[in-house]
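When we follow my numbering, the leftmost residue of the sequence shown carries the number 351, and every step to the right adds one.
By construction, these hints were calculated from the structure, which means they are not laboratory data.
Because the structure is a prediction, the values reported are computed rather than measured.
We put the beta carbon where it would ideally sit given N, CA and C, even for glycine.
Careful: at least some of the hints might be erroneous.
Pairwise CB distance ranges, derived in the manner of DEER restraints [unchecked claim]:
id, residue 1, residue 2, range
1, Gly542, Gly459, 52 to 60 Å
2, Arg377, Gly542, 31 to 39 Å
3, Gly584, Glu434, 54 to 62 Å
4, Phe399, Ile551, 43 to 51 Å
5, Ser529, Gly384, 38 to 46 Å
6, Ser529, Ile505, 17 to 25 Å
7, Arg519, Arg405, 52 to 60 Å
8, Leu526, Arg497, 15 to 23 Å
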Amino acid sequence: MPDKKPDNARGGAEPAPHYHGHRERLRQRFREAGTDALSDYELLELLLFRALPRRDVKPLAKLLLDKFGSFAEVIAAPQSRLAEVKGLGASGVTELKIVQAAASRFLRGAVTKRRVLSSWTSVLDYCRTAQAFADREQFRILFLDKRNQLIADEIQGIGTVDHTPVYPREVVKRALELSATAMILVHNHPSGDPTPSHADIDMTKAIIDVAKPLGIAVHDHIIVGKEGHASLKGLKLI
Numbered sequence: 351m352p353d354k355k356p357d358n359a360r361g362g363a364e365p366a367p368h369y370h371g372h373r374e375r376l377r378q379r380f381r382e383a384g385t386d387a388l389s390d391y392e393l394l395e396l397l398l399f400r401a402l403p404r405r406d407v408k409p410l411a412k413l414l415l416d417k418f419g420s421f422a423e424v425i426a427a428p429q430s431r432l433a434e435v436k437g438l439g440a441s442g443v444t445e446l447k448i449v450q451a452a453a454s455r456f457l458r459g460a461v462t463k464r465r466v467l468s469s470w471t472s473v474l475d476y477c478r479t480a481q482a483f484a485d486r487e488q489f490r491i492l493f494l495d496k497r498n499q500l501i502a503d504e505i506q507g508i509g510t511v512d513h514t515p516v517y518p519r520e521v522v523k524r525a526l527e528l529s530a531t532a533m534i535l536v537h538n539h540p541s542g543d544p545t546p547s548h549a550d551i552d553m554t555k556a557i558i559d560v561a562k563p564l565g566i567a568v569h570d571h572i573i574v575g576k577e578g579h580a581s582l583k584g585l586k587l588i
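Given only the sequences and the hints, what does the whole structure look like? Please build it.
Written as structure tokens, this is what we have:
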């Protein structure tokens, strides 16, 4: 008598993997209660579902948090470090970087075509999202017009983990090219601690000294890091 064939061999549907129900329950909780109802690893799961549709991604989400520390740090981690995580793959890395780009673009929209000094919280949010978790120093300048609206947002240099070369005359030259009348300087401390160094203060004063005679104001120098931000103007250092 022939052996009985399993259901799927007779044309029946294969049973759904055990994690499919979990995925749908998580999506439903997100739809009904929003992000506040989800932990960091659950939000990461939602992002990874599309990139890895045939895997249980809960262990991977928890592994990412263990490695990088927080949801924000996972999203902002350099592609090279994300690529080291076993099981994430190119599609998973791409999905995470799309989220980072979308967050940065969203917050940049809150700054563009608005008076920057009247939307200072948005400026800080944008700067932190853009570079607080970068693994090397980046020196960014927000160039403003006479109404303090954003003309351009440019990274002037990328350095090492603790230094970026900045040339005051080149900074001011670029401001003149853009017809900017004011600037906000921004850079990050990969160490996480945004406390200004003596070199940060001296460099800012050097830029102010070159810019002021040409009618270009330096409104502030913001330093961002994983632990928060520091404003040289707020600290009365400029």
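>> Within 15 to 23 Å: is that where the Cβ-Cβ distance between Leu526 and Arg497 falls?
In response: holds (18 Å)
> Could one say that the CB atoms of Ser529 and Gly384 fall in the range 38 to 46 Å?
Replying inline: holds (44 Å)
> Is it true that Arg377 and Gly542 lie within 31 to 39 Å of each other by Cβ?
Replying inline: holds (34 Å)
> Quick one: are Ser529 and Ile505 within 17 to 25 Å, going by C-beta?
Replying inline: holds (20 Å)
> At the C-beta level, are Gly584 and Glu434 separated by a distance inside 54 to 62 Å?
Replying inline: Cβ of Gly584 to Cβ of Glu434: about 38 Å, so the range 54 to 62 Å is violated.
> Range hint 52 to 60 Å: satisfied by the CB atoms of Gly542 and Gly459?
Replying inline: violated (27 Å)
> Lying within 43 to 51 Å: is that true of the beta-carbon distance Phe399 to Ile551?
Replying inline: holds (47 Å)
> Do Arg519 and Arg405 keep their Cβ atoms within the hinted range of 52 to 60 Å?
Replying inline: holds (54 Å)
Violated hints for the displayed structure, listed by number in ascending order: 1, 3.
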